[in-house]
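For this one, chain A is given, so just place chains B and C on it according to the hints.
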Amino acid sequence: MSAAPAIELKGISKAFGPVQANKDISIRVMPGTIHGIIGENGAGKSTLMSILYGFYKADAGEIFINGQKTEIPDSQAAIASGIGMVFQHFKLVENFTVLENIILGAEDGALLRPSLAKARDELKSLAEEYGLNVDPDAVIEDIGVGMQQRVEILKALYRQADILILDEPTGVLTPAEADQLFRILERLKTEGKTIVLITHKLREIMDITDTVSVMRRGEMTATVKTADTSPPELAELMVGRKVLLRVEKVPAKPGEKVLEVRNLNVTDDKGVHRLKNVSFDVRAGEILGIAGVAGNGQSELLEVLGGYEEATGTIRVNGQEIDLSGAHSDGQSRRARGIAHVPEDRQREGLIMDFFAWENTAFGYHHDPAYQQSRLLMDNNAIREETAAKMERFDVRPPNPQLMAKSFSGGNQQKIVLAREIERNPDLLLVGQPTRGVDIGAIEFIHQQIVALRDQGKAILLVSVELDEIVSLSDRIAVMFDGQIMGERLPEETNAQELGLLMAGITDTDRPHSVAEIEENLANAGVGRAEVGD
Amino acid sequence: MEFLTIIQIGDSTIRLAIPLLLACLAGLFSERAGIFDIGLEGKMLAAAFLAAAISFVSGSAWIGLLAGITISILLSIIHGLASITFRGNQLISGVAINFLAAGLTVVVAQSWFSQGSRTPQLSGSARFEPIVLPGALSRMREIMEASPMAQLYSELISGHTIIVYIGFLAVPLSWWILYRTRFGLRLRAVGENPAAVDTAGISVVRLRFAAVAIAGILCGIAGAYLSTALQAGFTKDMTANRGFIALAALIFAKWRPWYAMGTCLLFGFFFAIDNRFQNIQMPALWFVIICVALAAGMLFYAIRRTRLDMVVLGGFAVVLLAVAVAVVFGTESLSAGIKLPTQLTQSLPYILTVVVLAGFVGKAIPPRAGGEAYVKER
Amino acid sequence: MQKMPAWADVVLIPLISVLLASIISAIVILAIGENPWAALKLMVSGAVGSSYGWGYTLYYATNFIFTGLAVAVAFHARLFNIGGEGQAMLGGLGVALICLYIPWPHWTLALLFATASSALFGALWAAIPAYLQATRGSHIVITTIMFNFIASGLLNYLLGNQLKPSGQMEPATASFPEPAHLPTLNDIAGLFGSDLFRSTPVNVTLLIGLVACVLVWFLIWRTRLGYEIRAYGHSESAARYAGISPNRIIMITLLISGGLAGMMAINNVMGEAERLVLNAVEGAGFIGIAVALMGRNHPVGVLMAAILFGFLYQGGAELALWTSIPRELIIVIQALVIMFTGALDNLVRWPLERVFAATRSTRGAE
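Taken in sequence, the protein lines are chains A, B and C. Going by our numbering, the residue at position 117 of the first sequence is 117; the numbering climbs one at a time, nothing skipped. Going by our numbering, the residue at position 4 of the second sequence is 4; the numbering climbs one at a time, nothing skipped. Going by our numbering, the residue at position 74 of the third sequence is 74; the numbering climbs one at a time, nothing skipped.
Same shape as in the complex, but just chain A (with noise of 0.2 Å):
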């Protein structure tokens, strides 16, 4: 081997509590390639990154950076060192322009005004070199989700980095933004940079790096040439044991309407457009799976048809129309209608994390008649009770209703909210992102749980990122772009590439496309991508 590594770790160790979240890590990376690190959520791979960005301190092990031995106590030192870092939720200042979010902390001298000049000459010839065209006096919460990406690199290359990381850079982005990104990182590393990029997605390791290492639980299982591997290997390693892939399913039977909404809109408190005229139908013994980029209104239509958002259209459950008049908080009668709802961010909406178990399972049904002792007070050991049998029934791990919810794993907690929504047998099941820092075991319980529900006949609502968990699980697909609906597909006559278009607001996908066509039409939408979770 020629040259030193650019990045060489060793044994690297780092424990949060009891939680071993880094075990003995080494791993090297050669100049001038993309290297992937892949995992589930949860796997490790931020917490090694953050210790090479000098956020954490490892517990033990070594740094070599270009083949001397560094230490990185601080994001300083690791800027010094030449590494730049893209983190997932950007670090940016939201009311400051590009340019003064580029020089911060890079500043030349203790006035203003020379570093924003030097700046400026800087960042239009790092555009020219790269192809990163932003405008320097933008204001970052006035430009989209992928502009801001961009000056996060631009924020690393203006600081001369020569390694850049990559925290799920794509999970902000549409596919086509994210076929530019990966252009622009094969353009930087025949530049000679060196690239990370810390994904969960196996395609996306299969398009753009050269070698990959795959982590489980803390520990670095293997360390691949990318050429010579396939995705279900590399499956298999990030989970240790065959997945499918694929949900068994019989084919629907689809009956009556259970949900008909009309010319939906939503207008946020900015005055922004969340949701335009949408109209759609979900029918009992069917999954009707909504597509999309996260922040293109999914989670509004969500929270509308949940009762905690206002909305104008209608809306009909069992063929009755909802009042949507001052309807920002009308969960109780929502659920009294007979629809539940699984929400996108169990840790924010799904559960109070500082409650019981137990309490969390009377959670939104908490006016139930069976859980009241008196008029006035609660029946907090029948609510026991129940709990205890739930946990059981969905094998929650471990089953104690007297532990806070936090104290359980993400798989588990999402358990908890699966089997409160899913007993109260509604009509109409929503559900949001349901396996979202799921691990794999789990997801496939999941799986199976709302396709039973379908199965008994009830109406379901999906809404998810992750198109492979959309296109298994859907009978329906209707993808949305911009809080609108491009079109319904029938999984089993689309592919990922119409999916793809229809994500990017391109409606005619038999034609094909030019990427600036594509670009042009990201950059009139205008939904503000900005707020996603995680």
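None of these hints come from the bench; they were simulated from the model. No experiment lies behind these values; they were computed from the predicted model shown. Please note that a few of the clues may not be correct.
[What the hints assert, rightly or not] Covered by chain B, according to a simulated footprint, are these stretches of chain C (three or more residues, beta-carbon under 8 Å):
| id | stretch |
| --- | --- |
| 1 | 47–58 |
| 2 | 139–146 |
| 3 | 149–159 |
| 4 | 282–295 |
| 5 | 319–330 |
Cβ atoms here follow ideal geometry from the backbone N, Cα and C, with glycine treated the same way.
What follows is chains B and C alone, placed relative to chain A:
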């Protein structure tokens, strides 16, 4: 009203506005960096005491000023420890600092000077004397006979202590630091998104401590002004809620230096008016009209909104109408003047702040990371 | 995974915090040339060494029970009601109006209506900040601070101009008529032939305070409303999801909180002064913050913390009486308690967590 009277009210406005302005700028630095500071009052009070005490002992107002600044910075550091290092609740820490100062100044004053929670009277060089600018008249008789321009110059512009001029200079200086320097950029960034600052390789803790220390310096000057310039010595609770009024001014000014100056002068003007005219008359009819108009405005707003708006604003409108009715029946004729309670003038800064906070007059958006301790997360 | 056992959080941390506050207080006493040990002995004997001392201690504690509960209830919804001071002032106005202008046949009736009136006035004074927080997002801390000052101005005006009997200089109402006087605990003890709490102001309001503690406990942990309040406090987004209206919770919680603060007035205005004077609240609204913090927002904790502060108040008064230490020393101690139990919680918590983690890992290794 005579021109000289107006000038004198202006003069008094400035005197009363300066401690507010300095404290307000102190709060501005702190809150712009993301640290809420309701301990302005306590820091001023402690500084007022120590400045007076040390001035008395040393005979030099300047040494007193230094002592005031020192104790104020010390309290700032305690606030910093609680809210930055130990990530405690910034509001609670502020409350504690206010009490600490209120209690300690009295306890220490009593045991030090045994004059019943006050310092001895300061005189001579232990006080900041007014500076008479070149060409300004200083004798009252001369001023009264002088031309309006000379009156303006002598009474309004000249004749203040050095701290007044420092206070006014602090405004452009603060603006320049915040918007034209690297430090200012970073300070504003840390109040908006500390994670951005941290990942850029800058210490959030150090920046926030720096901001809090600046707040300490400014509060120290404000406190020293009260006891060694505006008055001649420390008396118990002499800050008289100025710290809170400064906080109100800060919100009113939307966390901007020039606006802060405007607001503090406005609030200072209220107090000047209140001091000067113990008996402000207003035709009863006007008063009734104002009450009825406010009530009508509230009802009009509420009627198009939710039941909650109707109940609260409706109730409030009923109270206003009741006041109006009471005035109608309480005075002989509607054209007669009624005396406005001085309490109303004194409460105006607070009422105005609530109105601004309510967002009916220009919404005040605080720095986004304000009040939150920074914890690293990915 | 709990980092430390619950008892450590509830008992050990407040205890260490108070200890730290006492140590610094002792240093302050030492610094002003007095003997801290002698001061402590004086405080103990003065506050809890006699039935007289206890009478005053419990009288003060009654005030703090109400203001402490007020802060605690609001805190369960993560609302920091710093306006107890103003709400208690208005509560006093409510009591005064009821007692002055209605001829009551018997004190029980007067008490009933005065309690309702004080709670109503306190709640109304909290209503506008609550409304602004709920519908306009105005920060409750700042608005309630402002409302404290506005309340002070309002009371100042009313006492100085409207409620003051003609010919009187002092801004205060006339004394309440005899039937509106509350029996002291000494009066009640007299029924049983005892002379407990002689010539102290502790009165039947203490019993109301104890009832309020029980009711607040039921409210927070057993009722649906309490469940909703806690849910909202832990996570507003989750509350919205569950169909809990944030506006409703903010309004109701702060009305209850304001009402509790207002009810303090039946103790100090009706039970003790028997007329309304300026500054009747004497900072009890703020002490409620310290009491709630120390009591971990639990009624039992609030009760115990209130008694501790009652002890401090009475002990401090004795100290001021017999030594040259000014009464304001208790403000210093109060500040230190607020600082250590409230803002510097992690100063104690972090090392303790480390200690517990270390003992656990050694136990695990065995």
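Check: For the stretch 47–58 of chain C, do three or more residues have a beta carbon lying closer than 8 Å to a beta carbon of chain B?
Finding: Our answer is that it is violated, as 0 residues pass the Cβ test (under 8 Å) against chain B, missing three.
Checklist line | 8 Å C-beta test of the stretch 282–295 of chain C against chain B, three or more residues | finding: It holds, with 3 qualifying residues against the three required.
Check: Residue count check for the stretch 319–330 of chain C against chain B: does it reach three with CB-CB under 8 Å?
Finding: With 6 residues closer than 8 Å to chain B, the stretch 319–330 of chain C meets the three-residue bar; holds.
Checklist line | Assertion that chain B covers the stretch 149–159 of chain C - criterion: three or more residues, beta-carbon distance below 8 Å | finding: Coverage by chain B holds for the stretch 149–159 of chain C (6 residues, Cβ < 8 Å).
Check: Given as covered by chain B, does the stretch 139–146 of chain C meet the bar of three residues or more with CB within less than 8 Å?
Finding: Three-residue rule met by the stretch 139–146 of chain C, so holds; n is 6.
The structure shown violates just one earlier hint, number 1.
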